[in-house]
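In case you want the letters, here they are:
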Amino acid sequence: MPRTLFEKIWEAHEVSDGLIYIDLHLVHEVTSPQAFEGLRLAERTVRRPDKTVATADHNVPTDGTPVARMIADELSRKQVETLEANCEEFGVPLYSLGSERQGIVHVIGPELGLSQPGMTIVCGDSHTSTHGAFGALAFGIGTSEVEHVLATQTLVQRRPKAMRISYSGELGPSVTAKDLILATIGRLGTGGMAGHAVEYSGETIRGLTMENRMTICNMTIEGGGRAGMIAPDDTTFEWIEGRPAAPADLDAAVARWRELHTEPGAEFDTEVQVDATEISPMVTWGTNPGQVVQVTEAVPEPRDEVEERALRYMDLRPGTPISEIALERVFIGSCTNSRVQDLREAAAVVDGRRVAASVNAMVVPGSAQVKAEAEAEGLDEVFRAAGFDWRSAGCSMCLGMNPDILSEGERCASTSNRNFEGRQGKGGRTHLVSPRMAAAAAIEGRFVDIREWE
Amino acid sequence: MGVVEPLDVIEGEVAVLDRADVDTDQIIPKQFLKRIERTGFGEFLFYDWIRDGEVELEARPILVAGPNFGSGSSREHAVWALQQFGFEAVIAPSFSDIFYSNCTKNGFLPVIVDQETCRAIATAGAARIDVDDQTVTYADGVVRFEIDEETKHRMLNGLDDIAITLSNAEAIDAYETVRADNGPVTTSLS
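Same order as they appear, the protein sequences are chains A and B. So for the first sequence, the numbering used here puts the first residue at 13; every next one is plus one. So for the second sequence, the numbering used here puts the first residue at -10; every next one is plus one.
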């Protein structure tokens, strides 16, 4: 029987029926304290600290606070210090505040070369699907499961169904991976991928960079998918080469990794075809990522109570052109779009221009390394000269567990992944877009069609 | 793991939240995720919605909700909040995968029945859920629900997942021994 990429990875990790082995466990401060406490109470240890790595990201202030004990918010400080104490006690390697490797957990895994093809990767965070971009099976888990993985290096899992989304044709100029995944979720709905491990395939995907692929896999969870994955190829192998965790014998690894693809004739439970040439820059108008239209369209007529409610929350009227929506805030960052390529694309848009007087705009690199690399290229100067606030690495305003939040009623163009009510701050109104679209919106103070504007 | 209570029958009045796509950011907003304990979340359940008068909820044994309940963030705090508020089970047409799994790890029963039945149960105002029989009984009738056999067994008996897995530690040892490709080592990065 021809097998899918998902089946190959799943079957290689079955310890016994319903129990799968985990190759890499990523840990952060928010979803781990109760898990470590559980280990202590039961007098258990971390089975494989050498397959575990931790960082602080959700609570981290992005003002350059150099060490955990200097975090102003008492509860945030306590949570990060608890992570530091737990990692010390259980021998888990940690990149906390002040480390040159600190950053958003889904940025640092790939950056260190830890996320590799064929692996199973979990983290107590729904956006763990990001790592599937490397041809890994990667998904988010809850805190009880974090504890289970810490104690056993395995996870009790029901096998998900398999879905393939095949993209044909090239994306148009200035249309990005973010637009591709937003358009896909808009079509399938926020529960459209539920219960499935999703493989993104086709010529469009093959032509994308690793950063682009990570953006797509990252948002799989917004379509309800268990995991998103892309078969590894030369683009993947080139990314891993030379990174700290790259295999000592890369050629041998690559030879194995080349086997990791879906064989012709393998069957999926669900198949979807998408013509990538028809995708435009996308802007969400509502309070979930599936409520999205093309930038050339208008706010739609509500079809049900859910949409009516979303429009009320967003303070939008049906029929208003998207390009007439004015913004007060712009946020470029998050595990979806905070890598160097994202920042380069945004910087190219704002270079030599000025942020609109009505807009407060910020750029938050995904990791300390991304920040250093961007600064070496002078991107920070481009952003600062345009009037952007250039911050330090963290989850920042993607979820506002740190000081970066929207005020009541503020409207924000955001490169993050969730436009849920209150996600970026109580009463805040979030529109999800690509880094280029966010950058252009910062300059104009409203949304523009980046294709015409350039 | 916290102590997981065995489940058998859950019976009583229902509270209703008839909305689709209720995400875990609404169930327990981000500002309450900074606690390092498993307790103290009940009073913050649906914090913004309740404070703004958007929804009214009373602590009853059963919550009836809309489709795609618990979408978004993987935060298990959402389950802890529902439980600590006073709910013992949630009935909905569908759940997000991670939320469903989190429920089962905490002895909090997620029950999937179609939307029409959900509304009928809401109208009935009370229900009786029998975990072993996999049935929900309410004014107008009885409906059967699906639950994975192993998950049911563990919930019925309040079993500790980790203890079960560790009782089979030789299988994990054996897997680690024979697996050729061992993956990167986090403790020795250059």
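Calculated from the structure, these hints are not laboratory results. Just so you know, not all the hints are guaranteed correct.
Only pairs whose alpha carbons sit at most 30 Å apart, straight line, appear in this in silico DSSO-like list of lysine-lysine [what the hints assert, rightly or not]: (1) A:173 with B:23; (2) B:141 with A:90; (3) A:173 with A:20; (4) A:20 with B:23; (5) B:23 with A:438; (6) A:90 with A:438.
Only some residues are given here: those of chain B computed to face chain A with a beta carbon under 7 Å [unchecked claim]: (7) 0; (8) 1; (9) 2; (10) 19; (11) 23; (12) 87; (13) 91; (14) 147.
Stretch by stretch, here's where chain B covers chain A in the computed footprint (C-beta under 8 Å, at least three residues) [to be verified]: (15) 62 to 70; (16) 211 to 222; (17) 424 to 438.
As the structure is a computational prediction, the values presented were derived from the model and not from experiment. Using N, Cα and C, we set each Cβ at its ideal position, and we do this for glycine too.
Tested hints:
no.	hint	verdict
1	A:173 with B:23	violated (34 Å)
2	B:141 with A:90	violated (37 Å)
3	A:173 with A:20	holds (14 Å)
4	A:20 with B:23	violated (38 Å)
5	B:23 with A:438	holds (17 Å)
6	A:90 with A:438	holds (23 Å)
7	0	violated (26 Å)
8	1	violated (26 Å)
9	2	violated (24 Å)
10	19	holds (5 Å)
11	23	holds (4 Å)
12	87	holds (6 Å)
13	91	holds (4 Å)
14	147	violated (13 Å)
15	62 to 70	holds (count 5)
16	211 to 222	violated (count 0)
17	424 to 438	holds (count 6)
Hints 1, 2, 4, 7, 8, 9, 14 and 16, counting from the list given before, are not met by this structure.
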